[in-house]
Amino acid sequence: MPEERLNVIALVSGGKDSFYSLLHCIHHGHRVVALANLYPASDAGVDSAAAAPRAVEVVDPAERVVPSLHGDESTRVERDLNSFMYQTVGHEVIPLYAAATGVPLYRQQILGATLRHERDYDCAATGSKPEGDGDAAGLDETESMLPLLRAVLARHPEANALCSGAILSTYQRTRVESVALRLGLVPLSYLWKYPVLPSPSPAADEAQLLRDMAAAGLEARIVKVASAGLDESHLWERVSSSEGVARVKAALKRFGAAEGAALGEGGEFETIVVDGPQDLFRKRVVVPEDGRRVVREGGGSSWLALRGARLEDKPVGDTANSTVQEPLLMDAKFQNILDDVTSTEPGKSATEASHIVGRSTFLARLGRIRTRDNAVLQRAFLADAGAADGSIQAETKLVVDRAKAFLDSKSLDPSQITNTIIILRDMSDFPKVNGEYGKLFVKPNPPSRITIACGSLLPEGRSIALYLTIPEPRAGQGRDGLHVQSRSYWAPANIGPYSQAIDIPITSDHEPTGIRAVYVAGQIPLLPALMSLPPPSDTSLHLQVVLSLQHLWRIGQEMKVQYWTSAVAYFARLSSADDMERAARLAGNAWALAHAPQEDDEEAEGGPDLWDLKFNPQYMSLDAGGGQGSKVSLPDWSIFTMRQQNEPESCTPPLFAVEIESLPRGADVEWHAHVGLKQIEEGTAETVRVPDVGSDGWSGWHTVVQTASAYVIYTVLALGSGQVPSLADGGGELAKAYAGSLAGLGLDTSGLSAGSPYLIYVAGDGVKEAWNSEHDAAGGERHLAVVPCRSIRSMRGERLSCLALFRVVIGAAP
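Number 813 marks the last residue of the sequence shown (numbering that gives the first Met the number 0); no jumps.
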């Protein structure tokens, strides 16, 4: 599929990252229509936080000398704002970029100050003012981008994207995304997570990005040092060169640098770009030696005040264009999985994990139950049949209104919702549904979301069902999330009212247990940089299965997930039962291989965020990035008892393949990991299989985690093919099967009230039974969240008729 060509406004600070990201825009065929820059207030005695806004300045590409934009040079105040958001060192030469590149440059003075220190930016809390509303007092500096970009759009109405150079900083990325999306611009951050992505270079290390910049012809010079490892001798070093990289790495290594330090991600150094490849830089910037004056701020921080910068023609014959290197699409682990599942004869390789069978080591010692606590609510909402007169927007509004009424009744806010599942009759309705659904969420980090279409399996007269997962008010403290809305090479952007992942504490008696639950959005196999599906081929399904599984893994690693409790792979309707069986085996094989022990167990990569460095004690020293908790393996074998560590194949969580009608964007597969668990201590987890739960046809899988105050148990029950689950009257048969599965763990269930599933999958004749099992409560609220399926399969392709998911937190008797 040809890539969509975007017209890009490039935010440039003068630094290496913004320009290299711009080169990736050109590499993907996008057209750069304007450069945009924010500069500090530098008139004598003027404070940018209280300065009256200046008009946006336009620098014509024909200009060959630095315009006098900031008043009399003799009265200039020399200082660096040390802003989290904007680089200001070296801003004196930025006006030359218009003539150097042939692209018009728009500049605006930075207004306001750093008022919002939160990592995730909430524009509604910034106190932003309409354009032209007096001074900037009380304005967060992020909002300076708005008048600048509005001025650019007034002159370039064709612009539809905004490029920035964020690499590891959530603080910077979320602020650029907030502004871009408010202006209808597609955010592009091609360098996001670049240092931890697989490089084509076999000798790649943490500084590979600098080498890639050098290979692309970018010349970046260090203009500020602020690290114990770097001193004034490194100023004006060409860091985008082999020699420069070696010097910086050697200096930082002596002081135990944090991850990302070699790229300056923790503020160790800042750069100014003076030249680049011919397809971007037509001329180069020259700063004479006597125009580079060292300014010492104290505390090891020094920077260069630049004077006398000018443009210089390039040597005749210098016509080399950029050679931009993309990260590889697949990590080594998932490339090996893809190779394996593609080369294996279909239907012969998938084997179900051999779980530990029998009693739990923990629960067999537990005896009588003291408490039962499940502080997470699950609710399903449908409109009344025919109430919307056939309009999907009207029906969605009715469903959303019912969800709001429920939240109000529990004194809950939509911003506390953890996860949603949207089931549609027709996937083509999704854009219309998204508009109404999105009105629920106005704060950062909306809930993660799974969207599927089930066609005629929805109840007659209904075209949408909405399921919410939300903690009770006292249990929802400490909610966190991941919401990347920029296009990158890392994972698909989530533009709109859903996050990649939300995590919340797991509580017992409303007190944290110490472990957390992570809810990840459904992952479809989009090529992240293009936001489109891979082109069709004979092995399309294999690639789609493994690529979307890699997306799930990358998000899990970013969120420090140690283990998935269970998962399903949704498949769009297939042409035959045999095809569905093969698809189930394919997914099962990929899942098993993803959980197989690696020769060199891969660890999640990370790096210091500017917000972390300032506010998170874990990162407040230079070498803290490698401290406890900074890296987590997925799966993390250390969490299991020694019995299970000696049988690693028993640690693979249960997976099921579910056939529905269709998926977003016409994808063939979507991965839905039910819950990811994190902050589990060593030796405190088990996965246990209970093949006979005392109810005909049912079998169970349990994930059990022991904490200092409680036992957390996630359960999946499966019913064999050809049987119809009885779900009436609260699911008596199902409750009996659940109690039997817990008893099979060695747990005394006499003090345990009948449990209800938080999610259920049903196929065949069970679909009608499921819809009829509960009468609508007042306001259309249901407790049973049902996913109607065309078919359900095990990892080995065996047919099933029902899956039921439970969770419980229990405490031991004193």
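Some clues are possibly wrong.
[As the list claims (entries may be wrong)] Straight-line Cα separation of at most 30 Å, DSSO-like style, residue types lysine-lysine; simulated pairs: (1) K332 with K282; (2) K767 with K403; (3) K403 with K442; (4) K438 with K409; (5) K431 with K767; (6) K313 with K442; (7) K332 with K313; (8) K409 with K396; (9) K442 with K431; (10) K403 with K431; (11) K438 with K403; (12) K442 with K409; (13) K767 with K396; (14) K252 with K332; (15) K442 with K396; (16) K767 with K735; (17) K438 with K396; (18) K282 with K252.
The hints are simulated quantities; they were obtained by calculation from the structure and are not laboratory data. Given the structure is predicted, the values throughout are model-derived calculations rather than measurements.
When the structure is checked against the list of hints, which entries are broken? Sort them ascending. Checked against the structure, the hints that fail are numbers 1, 6, 7, 18, while the rest are satisfied.
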